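Generate coordinates for the entire structure from the input sequences, incorporating the hints supplied.
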Amino acid sequence: MPGANLGSGDLRIQGRLRLVGLVIALVFTGFGLRLFQLQILLGEEHRRKSEQNAIRTVGLRAPRGEIVDREGRVLATTRPAFELQVLPVGLARRELVFDALAQLVETEPEVLAERLGEPRGSARYQPVSLVDDLDFDALSRVESHRYALPGVVTDVQPRRHYLAGDLAAHLMGTIGEIRSGQLEQEAFQGYRSGEVIGQTGLESLLESHLRGRDGGRNIVVDVAGRTVEVLDEVPPEPGGRVVLALDLDLQQAAERAFVELPQEGEEPWRGSAVALDVETGDVLAMVSRPAYDPNAFAGGIDSATWKSLTGDPWEPLSNRAIQTHYPPGSTHKAMVAAALLEEAIVTTETRTFCPGHFRHGRRTYRCWKRGGHGWVDLHQALKQSCDVYFYEHGLELGIDRMAQIARSFGLGRRTGIALPGEVPGIVPSKSWKERRFGEPWYPGETVSASIGQGYNLYTTLQLAVAYAALGNGGKVLRPRVTLRLESRTGELLSQVQPEVTGRVAVAPERLATVMRGLTAVVEERGGTGGRARVPGLRVAGKTGTAQVVRLDKTEIYEEDEIPVRLRDHAWFGALAPAEKPRIAVAVFVEHGRHGSTAAAPVAQRILARWHEKHGPQEPPQLAGAPGPVPPQEAP
Amino acid sequence: MPAIDRRSLQHFDWVLVSLVLATLTLGFAALFSATQAGATGALPSEFRRQLIALGIGAVAFTVAVVVDYRRLERLATPLFVFGLILLASTLVLAPLTRGNRSWLVYGPLSIQPAEFAKLALVVMLARHFANHPPTEIRRLRGLLPAGLLAGSVVGLIVLQRDMGVAVLTLLIASTYLPFTRIPARSWAGLSVVGVAVLAALWRFGFQDYQRKRVLDFLDPSRDPLASGYQAIQSKIAIGSGGVFGKGYLEGTQTQLQFLPTQHSDFIFAVVGEEWGFVGCALLLGLLLATLLWGLVIASNSKDAFGSLLAVGIVGLLFWPAVINVAMVLGLAPVIGVPLPLVSYGGSHLLASLIALGLLLNVSMRRYVF
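Here the protein sequences line up with chains A and B, keeping their order. Each residue of the first sequence is one higher than the one before, counting from 1 in the numbering used here. Each residue of the second sequence is one higher than the one before, counting from 1001 in the numbering used here.
None of these hints come from the bench; they were simulated from the model. Only a predicted model underlies this, so the values are computations on that prediction, with no experimental measurement involved. Cβ atoms here follow ideal geometry from the backbone N, Cα and C, with glycine treated the same way. Be a bit skeptical, because a hint or two may be false.
Per label pair, the in silico range of CB-to-CB distance [as the list claims (entries may be wrong)]: (1) B:Asn1131 <-> A:Arg48: 51 to 61 Å; (2) B:Arg1071 <-> A:Leu33: 25 to 35 Å; (3) B:Leu1198 <-> A:Glu195: 29 to 39 Å; (4) B:Ile1052 <-> A:Val74: 38 to 48 Å; (5) B:Arg1071 <-> A:Leu183: 24 to 34 Å; (6) A:Ala148 <-> B:Ser1110: 29 to 39 Å; (7) B:Ile1052 <-> A:Arg48: 54 to 64 Å.
Beyond 10 Å from chain B on every Cβ pair, some chain A residues (computed) [stated by the list, open to error]: (8) Glu118; (9) Thr227; (10) Arg436.
Derived pair list, reagent style DMTMM-like, types lysine to aspartate or glutamate, alpha-carbon separation capped at 20 Å [as the list claims (entries may be wrong)]: (11) A:Lys613 <-> A:Glu71; (12) B:Lys1235 <-> A:Glu45; (13) B:Lys1235 <-> A:Glu229; (14) B:Lys1235 <-> A:Asp232.
See the structure below:
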């Protein structure tokens, strides 16, 4: 190879080399001229600027996008918050200034001094925030005295504001300063420390859409910290809008029910409630109580509030509708009934005698009604929630077939809702128990499972999805939280389509039979769900009462004296209108004792509000909502 | 191995060595001033690290001088492949720092493979053009092999998401273009088509958010405001130096650390503030003299490889210097490119010293044939 080389003489590049040298020399001459301009022509000016270097970068935070309900009512927005700042370098006679300031903003001078600390070096040129969210009166007082307060500046920053307070708090989630661990993640490229991001709920999930883009300006300030000149500015871009499937009216009705229904002297109820559109899976309401006020997080949560939230044994920060699961109690009977029909264990004619208890092996299983229900068929068994009927036929069905059909309702797996932290729940079967405990399944456990007592664990959302499937002919839907993402000016960016994630393995006419039984629960005399009745609306539903501890543990107490933590959980699953369901509701009242007295009334409130809006009169046409249903007489 | 013969020693290039030593002296003095601000202890840690890099660089420089550069011609391909592997390994091994993956970290040691890949590319291109003289290339397609060589390096750097260095590498490779005989209308045609396609794609093919996404991908640390701040402070620092400067270690901008990266990208601003117009002119003069002397070496070399190697090395030093100084003087956008021999950065200093060693090597052996 080297032999093939040419000498440089053969290259004939001498001319070009001279040319290149000339170009390089020209470029450097240009630099010389620029230096002459900067250092000699403008030297004085630059020297002056450097001596009182008062150029600061001020961030302009992008307002977070709005979150609105399906009718455009604002749930979360951004409001201006006034910040009281001082510029350490401009702060002369700080004791005097702090004394005066403390009076104006009604605090102690020591508090302000502590916020300031002892900035050194270039940090002295950066303003320090003393009060984050100044109320308007204090702001006016400071502004009118500012001539006497050198170094004191007020600044306006956007702050997240949840108009509805703790309403739908768990759906909204929380925002908070980005953690150092998050800064290192790929997903948070381009974020700076100190930035505020969505930490939980939709705020976290839709962070990239809601965030917008921060801007800022470089400004020249005088010794008092006032802006003299804006050198350049990058305006912030506000974040996009999120339109939820939520109906604020239903949400409000549901939240209020938990507070207003308990009797005088009783604490507000804890638990969760979910309302779904039966055809689209729209999450019309999602409640988790106790809740928190997400506004407390908007400006960086103070440690006292944070401790009271995280230290609360009732865990107000967890979203009970999706993040915790509970034994479903008798609400599970709807699914077992469907399975019994589908597997031809029973027909509508099958009658069973309930003496108030059921013997299997050496154990006796009680019906909730001590005296027994006498002869019952499926319709009566559902209506009166007879345990013995389900014990007996559930045992014939067997746990695996029960599990298979329960799973086809979407139970025992995540619904796929677009919210973080959903738990899958449990639908037990023989192989499940083998895997989980390494033990065989005992037939006695099938007896318990038939009434939703035992290993079964569902979330409130799962129950709502299962009931919706019961009401819509067998479609298991993915719950839809967000209808669409819009730009801040309202242009449609993306839309979420309803999604069927599975089919119930039960023929529609058998589901209809179960529906008739559930209608009787609410609408017929002697049904357990009478308290869910809404005038003018036929409601189908099922109560559930889930034991928290074994009966003999609580039998030593009078009913009202059972410690709260040992009381049974109350459930209610509902569908309306019964003739052609459009809304499914699941209510869970933690330690609420009876499905019929605690959970059913909550469902009633939600359904009544829904009926007011969509009831016999013309319902407003909404995206995704089915058209009006002609009123029809029930059979 | 007959490392160095008498004849080569007789033609030892004192001019080049003096220029390099003078530039290094100025550079290290400025670096000390820039790093001692806010630092505690005897020697600022960055300054100490740079001194260590200088020590290693001196050894590497010597090796680069002693071994006859024509041996390098045969080593070009393995070196180039090694450079590519090193670059590719960053994609897997390098941690994400400040938005890109340019650094290989091994204990206290961290190296920037791109710096060495650039040098390997120059050696490779020099050999390629020595076998396919640029003066015989009359059509664009004649540039295809060279383009592929450069493209492979640039592509890997783009994947590291280090846009500044990718553009820089492309410019360095383009140093050879003026020596081809491709007619001007070909270039005009190519640029018109290229610009039109890109512009059309940008304007019509992309949505707003996609454009934003592309920009964010190309430069994750894109922060227009911070760059604006740096540019303003940089101009004030330089301008306030006046004719003679504020005096060594007396620059208020420097000592109060108004420039966030004053020891690396904005080191020239420190020179401007503390030594004024005189200091800047001296430093720029030294750099210019070094570059022009490099062209002289290219012209005097008796073989094509040596000549073209010298041209490439001039490009390797010229482009970062120009981009850096233009940026500091507020004539170009802020992109992180170091000033050769002056900015803080071990890999860059080491690679520059090896390159200058090779230049000296070519210079010394100009009469060997």
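Against the structure, the hints come out as follows:
1. Checked against the hint of 51 to 61 Å, the pair Asn1131 of chain B and Arg48 of chain A passes, with Cβ atoms roughly 59 Å apart.
2. A C-beta distance of roughly 44 Å is found between Arg1071 of chain B and Leu33 of chain A, which places it outside the suggested range of 25 to 35 Å.
3. Roughly 33 Å separates the CB atoms of Leu1198 of chain B and Glu195 of chain A, a value that falls within the hinted 29 to 39 Å.
4. Between Ile1052 of chain B and Val74 of chain A the beta carbons are some 60 Å apart, a value that contradicts the proposed interval 38 to 48 Å.
5. For Arg1071 of chain B paired with Leu183 of chain A, a C-beta distance near 48 Å fails the hint of 24 to 34 Å.
6. For Ala148 of chain A paired with Ser1110 of chain B, a C-beta distance near 53 Å fails the hint of 29 to 39 Å.
7. At roughly 40 Å, the beta-carbon separation of Ile1052 of chain B and Arg48 of chain A lies outside the given 54 to 64 Å, and the hint is violated.
8. With a least CB separation of 16 Å from chain B, Glu118 of chain A remains clear of the 10 Å interface cut-off, as annotated.
9. Residue placement check: Thr227 of chain A keeps its beta carbon more than 10 Å from all beta carbons of chain B (closest about 15 Å).
10. For Arg436 of chain A, the shortest C-beta to C-beta distance to chain B comes to about 39 Å, beyond the 10 Å cut-off, and the non-interface label holds.
11. About 12 Å separates the Cα atoms of Lys613 of chain A and Glu71 of chain A, which keeps this hinted pair within 20 Å; it holds.
12. With a C-alpha separation of about 11 Å, the suggested pair Lys1235 of chain B and Glu45 of chain A falls inside the 20 Å cut-off, and the hint holds.
13. Among the hinted pairs, Lys1235 of chain B with Glu229 of chain A is consistent with the structure: their alpha-carbon atoms are about 17 Å apart, no more than 20 Å.
14. Note on Lys1235 of chain B and Asp232 of chain A: the hinted pairing holds, with a Cα-Cα distance of about 14 Å set against a maximum of 20 Å.
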